[in-house]
Every structure is written in C-alpha cells, then in structure tokens.
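Keeping the supplied structure of chain A fixed, place chain B upon it in accordance with the hints.
First to last, the sequence lines map onto chains A and B.
In terms of the numbering used here, the first sequence is residues 67 to 489.
In terms of the numbering used here, the second sequence is residues 67 to 489.
Keep in mind that the hints were calculated from the coordinates and are not lab data.
A portion of the hints provided could be inaccurate.
It does not matter which identical chain is used: a pair holds within one copy or between any two.
Stated by the list, open to error - In the DSS-like style, the derived pairs of lysine-lysine whose C-alpha atoms are separated by at most 25 Å in a straight line are: (1) K299 with K352; (2) K169 with K184; (3) K223 with K299.
Number of protein chains: 2
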Amino acid sequence: MENITAEYMAQQLELMGEKALRAARELALLSADAKVKMLNSMADAVEAAMPEILQANAADMNNAVANDLSSAMQDRLRLDEGRIKTMADGLRTVAQQSDPAGKVISSFTRPNGLVINKVTVPLGVIGIIYEARPNVTVDAAGICLKAGNAVILRGGKEAFNSNIALAAALDRGGQAAGLIAGAVQIVPWTEREAVQIMLKMDKYLSVIIPRGGEGLIRTVVAGATMPVIKHYKGVCHAYLDKSCDLESALKILINGKCQRPGVCNALETVLIDRAAADVLVPAVFKTLCENKVTVFGDEEFRKYAPDAEVLAEEQLFNEYLDLRISAKVVDGVTAAVEHINFYGSHHSEMISAEDAAAVETFLNGVDSAVVYANASTRFTDGGEFGMGAEIGISTDKLHARGPMGVDELVTYKYIVRGNGQVR
Amino acid sequence: MENITAEYMAQQLELMGEKALRAARELALLSADAKVKMLNSMADAVEAAMPEILQANAADMNNAVANDLSSAMQDRLRLDEGRIKTMADGLRTVAQQSDPAGKVISSFTRPNGLVINKVTVPLGVIGIIYEARPNVTVDAAGICLKAGNAVILRGGKEAFNSNIALAAALDRGGQAAGLIAGAVQIVPWTEREAVQIMLKMDKYLSVIIPRGGEGLIRTVVAGATMPVIKHYKGVCHAYLDKSCDLESALKILINGKCQRPGVCNALETVLIDRAAADVLVPAVFKTLCENKVTVFGDEEFRKYAPDAEVLAEEQLFNEYLDLRISAKVVDGVTAAVEHINFYGSHHSEMISAEDAAAVETFLNGVDSAVVYANASTRFTDGGEFGMGAEIGISTDKLHARGPMGVDELVTYKYIVRGNGQVR
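Okay, chain A solo, but in the shape it has when bound (with noise of 0.2 Å):
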C-alpha cells in the first residue's frame, strides 16, 4: 500500500459517510419484502465469490503467518468453504426474520383530533469497528441491513483482503437486488487514523459498535463523539445460596466457567453463602479442580479448600477468559447482591437456589443486563435467546441492554396527522 495522507482519509471518508447517508435514507423507504430479496441476492453471491474470497483470505492467511499472529487469532481469521456458507446461510436467516421497521409502537388520538402514530424506524448509518474477524463483515452488514440502516465497517488489518473481497461480494449481490450503492462500505485503510476520522463523523454515523477486546472499545468509547453500544468485559458471577440444589448448582458452575471460557458470558467469580460454606465450598473446589480450573479463594473459602491459590482482592474485578475463576464465601444472598453489583461488570450473572425469596432478592437486586436463577450465564447471547442474529451484547443502559438483534437497531418517529390543528 502506498503512504496516505490523514488529510486525504478524512476527506475520502467524508464522501463515504455522505454516501451511505443518502444511501440510509433510500434504504429506510425499501419495503421488507426488497429487504428480503436483496439479503438472499447477497447470500448467494457470497458464495458464488467463494474463489475470489477463498484467494483473498490466502494472501491474509500467508500475512498472518509472516507475523507470527497467535493460533487463536489465525483461527479466526481463516476461511474455508464451510464457514463462507455459513455466513451466506447466515444472510439467508436474517433475511427470514421480522422487519424491525415500520412497526407502529404505539397509536394514539389527541382530545384536539391529533392522531399519533409512534413508529419504529431505522437508526441510520452505523459504524461497526472490528477485529480480525472476516465473518463480522457479513454479518454486520446483514443485520444492519435488515433494520433498513447503511453501514460502514472497519475490520481489523489482518483481515484486510478477506473483507475487500466479501464486501465486494456483498455489494455486487446486493445491486443485482436493488441495494443502493454506499449501503455496505469497507473504511479502504488499515491505518489507525482512520479509525480516529470515523470516530469523529457524527454528522453522517448515528451509532458505532465496537465488537473485540476491552482495548478496542476503551478507544472507541474516548473518541467517539456520536453513541457507542458496547460492553467492556463480561466479569460473570455465579452465587451459591445455601438453598440451592448441589447437583445442579455444580452442573451449571463448570458450564459457565469450561463449556467455552474464553467469551464474554462465561463465568470469572463464584460466590458462595456463609451460612453452607462448610459443605459447598468442598464440593465447589472438588468439582473445579477436576475440571482443570485454577481458584482463588479468599481467606474464608481456603478455610474449607486449604489448597486453594491466595485471592488478591483487585482479582475480584478480574475477567480471566481462562481457566481459572475467584472464589469468595459471602454472607447470604444480599451480600451477593452487593458484591457483585460493586465488582461486576453488569453483564451476566447466576444465582443457584431452591429459595423463592433469595431468588427474588438476587433477580430483583442484581443491576445486570441479564440475571439468571438456576441456569448458566452461557446463554447470553442472540442466538440462545431466539433473536436469530445478534450484533453485540450491551451493559449499557440506555437504548440496548443485553444481547442485541435486528430490534435494537431501528429508533422510532411521532408521525402526527392533523386537520389544522394549533395550539
């Protein structure tokens, strides 16, 4: 690649934001049923592209290597027959769900006459910033289609090629359907800056989504100046009342910490009440070690598992993403509650229990996006709660909380119709 100027990103990236707005507003006049057949026509030019993506993919491939990127990340990266149709049918399953647009909220008539219709809408133009991640590409660009938005989509470096290659394809399957040029966008530079000129271009982006580490979006988040939707880390609690059934409570604590530990919803903290410490803690610390999980535990807990690691407090703000977990005895579910509402990162969190009172207390007292009773913190996520494809999972307040589809991409607008009306 030749040297570019930040001057000359910021202004190409101008035109692209102007481009994809005046594609936004087209897009939110298409009907569902042009949605659809535009979603199927991509689909299938994903794949008739498989060569051409499976080429693009080699050259990031032999990149990858060249640099020595981890095994993990290469894993990632790579694509292969199977995982491109898989984002075609992935396309195809967008496709099939209920346009989020167009849906009359509320309808309301006036005393003075006014009819008021309070009518979902699409956001607009959305900014998706990523890793190296070539499925992100399709998939972000499907479901923000899907709501009726633009996008433009910056990927990670490593994945450079792959993503020229699908948003090609995307765009070339798309305008054989009606997609208006502009509507998917790849920012066409690897270098930062051009991260730092989109997070700037709140007069074109309505919203941007970060979707990667805690780095990524903490620099998102300092030079955004329109709204981000994000989370931070998934700091994942589960709290052992002395109610609970051991059995189970023992099933979905190795689930939620081994099933697949290195994601946002798997379990970093276990909680355990007082007033049972002398038989769940044994228990607890059995179980895990036999599953390989590394704990910590604070001074109480090793009363109980001597050969437990010491637990450093600051641990307790810890998202390990690896097998091994805090381990904390509390005094009863409000202690729980409390904990976990200081140290937690208002993501996903359990409690185990028979008790329909501390149940209540936990759902009700826990400020997370997701509190579950009796089952594990893994199903947090999209596809798990039936919401087909999913964008990202938010542990902010406003607008989305929690897992997020194709609903949480549209605002609304008041549409008032009158017969001369004035106040």
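Below, chain B without anything else, positioned relative to chain A:
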C-alpha cells in the same frame, strides 16, 4: 460563599454519587404505591415550605436585579404562591401516572425450557444540568423519582437559593414518606468546575440530561463521559405544498411562528412549493407581515414578495427564537424533504397538503423526531402528547426521541428462570 477548591468539590461530589447510587438501588425496589405516597408527600412539603421558598427566591431576585439580569431571565427565576402551587400540583400529577418500572415488555419460553422476561427497570442515577429555572428542580426530581431513579441536580447559579430551599422541602416531604436519603441531591456549588467534575462521574450517573440553551448543551456533550440525551436546537420547518388548503396552512404557519416564538418547537423556516409559488408566496408574506414577522426570502421568494428581506444561505440553519423567519421556494415535496434533512435539526417539521401522496412522501422521508401533516409543530411537547410530565425533548436517535416522559427514564433487564439448563 467561601473559596472552594476543585479537589474538595471532587471529593464531595464522589460522596454524593455514592450516596445517590445506594439510594437508586433502594428506590428500584420500592413498590409503585410507595412512590405515589412519596411524591404526594413531597408535593405537600413544597406547599408547606412556601414561606422559606419565597424568602430564598427573594434573595435570588435581589441578586438578579443587582446583576442586571434580563427581564426574561428574571421572569423565569421569579416564584410566587401560584407558581409554587403549580410545582406541587405537577408532583401530584406525576404521582398519578402509570408506573414505568416493572413492566414486562416481552415474555417467552425457549425450547430448552428457559423462561425469559424482559422487564423495565429504573436507569439508576440521572444527572440534570439546567439554567436558572427553579421549577425544573421540582419537575425533574418528580419525574426521575417516579421512574425509580435517584437524581443529582445542578441548576443555574442565579437560582441557587431557590433551588436549595426547594430541594430541602422535597427531601423533608420525601423522607416523611420513606424516601431514601440521597435520592434527590443538589450540587451545592455554583462554580463551573462542579459541572466539569459531574460530567466525569460515569461510575455513578447512567445519563445526563441537560436543559437549556445550545451553549450549555454543547458544554455538557463535549465534557460528558456518560450518555447524554439532548437537543441542541429546534430549526423547525413548515412546507406548504401546492395542494394545501391555504387558509388552514396560514393558520398553522402563524401559530407555529408567533404563538410562542422563543421555544424549540416554534417554526424557523417556511418552504413553498414552486408549482404554486405565485399564489402561495404573496399570501404567506402578507400574513406573516400582518403578524409582525420579519421575512427573509430567497431570490425566488422575493420574485413574488419583493418587499421581503434578502436571505443569506447560512440563515437557513438559524434558530431565530423571535419574530423572524427564513422563506424559500423549493421544487415540490421531494426537494422540501431534502432541504429539511440537510438544514434542519431533526426536531419537528410540518407539511400542509391535501394530496395524500405528498403527505406520505413527507412523513416518511423527513428524518426528524416528530413529523406533522396539517398541524402545528407547537404540539411537540410531553403535555400535548398526553405524557403528563416532560423531562425534555430529544433529537437524538438512541434510547429516546421526541418528547420524553417518565417512560423514557427506564431501561430494561432480562430475567431468566431455569431449572438447571446448561449449554
């Protein structure tokens, strides 16, 4: 007032934030009935404190006269028995509204048996930053509390004594009916640094709602690290289509411009359909002049109304807030929509037309919070929409758009009940 250091204010504001967050967690658990009683008791306390409030307000008014405040500002600042009674009645009205928290938005059972409820819950702590209008102190506190939120209020320094007296009354009345200490707090410093500190308190404040002029709002947006719900200004448009009923159109136009020109939902620009400019322009100009409006017309407008003032293009972005208006001839409804989307502020816009197709093009195409057919933009108001109390009007697209009442001051959480489900 003694000299207060920024460091001291930061420490004290931190304590206020902690206190507010604790209060918010308790408020969220209050029953709907308890909140009604609390608000009614606060209303009674405001009335009972009439002598102290009037005395405090007299001190503010003396300062206002000494500092030569404009008569408009003095009018907004002045309290009398009637105005205090109106505030108290406002609290009683809010008390009677439907409780926005604890509503089940949706409820579904997944194939694996998980029961998922999406339930409205309070936002937490809300920050309100406003100018020298003591009524906002009471109105905003009432609306925030009704939705189960704690509130930290920072009013204009000119109303300082009035606000302290009002907040003391609210606190007294609230605590007599179970209000948690810290649920309503006034920032007790008039220094500008106090606002800047408050804007960084995202650990405690879920959202800031600024109320006032564009300068105040830009300061808040620039400094805030938490979400802000706002509107900068209201550059509201009327478009008169060739199909309009001229008599009705003129009546709505004059109402929008003249009934209360200093507010955000008043008209600032009138657009005239070229196809009927020869008839519409002279009639519009004559009626506006008769109502003492100064009209700035573009070249084409002035062809049919040569006595209009010359319009400079940049005036098309103006929010005059007085008896001036921009006037321009456009090429039909499509051009009107494009003009509004480019020059407007996404607040409230109106079409006057009998042609149903033109009406739909306008209502669907204009990207504003509230769009009207054949009615005055002056109806963009929580009261006029039947929301009861209003905390402001949003031209943002995330979370809340248009007039905001108690229903906009909640978020939701997912409450999931299982019996041992794992992935």
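The hints, checked one at a time:
1. K299 with K352: Close neither inside one copy (28 Å) nor across copies (62 Å); limit 25 Å.
2. K169 with K184: Both: 8 Å inside a chain and 19 Å across chains, each within 25 Å.
3. K223 with K299: This pair counts as within: shortest intra-copy Cα distance 23 Å, inter-copy 40 Å.
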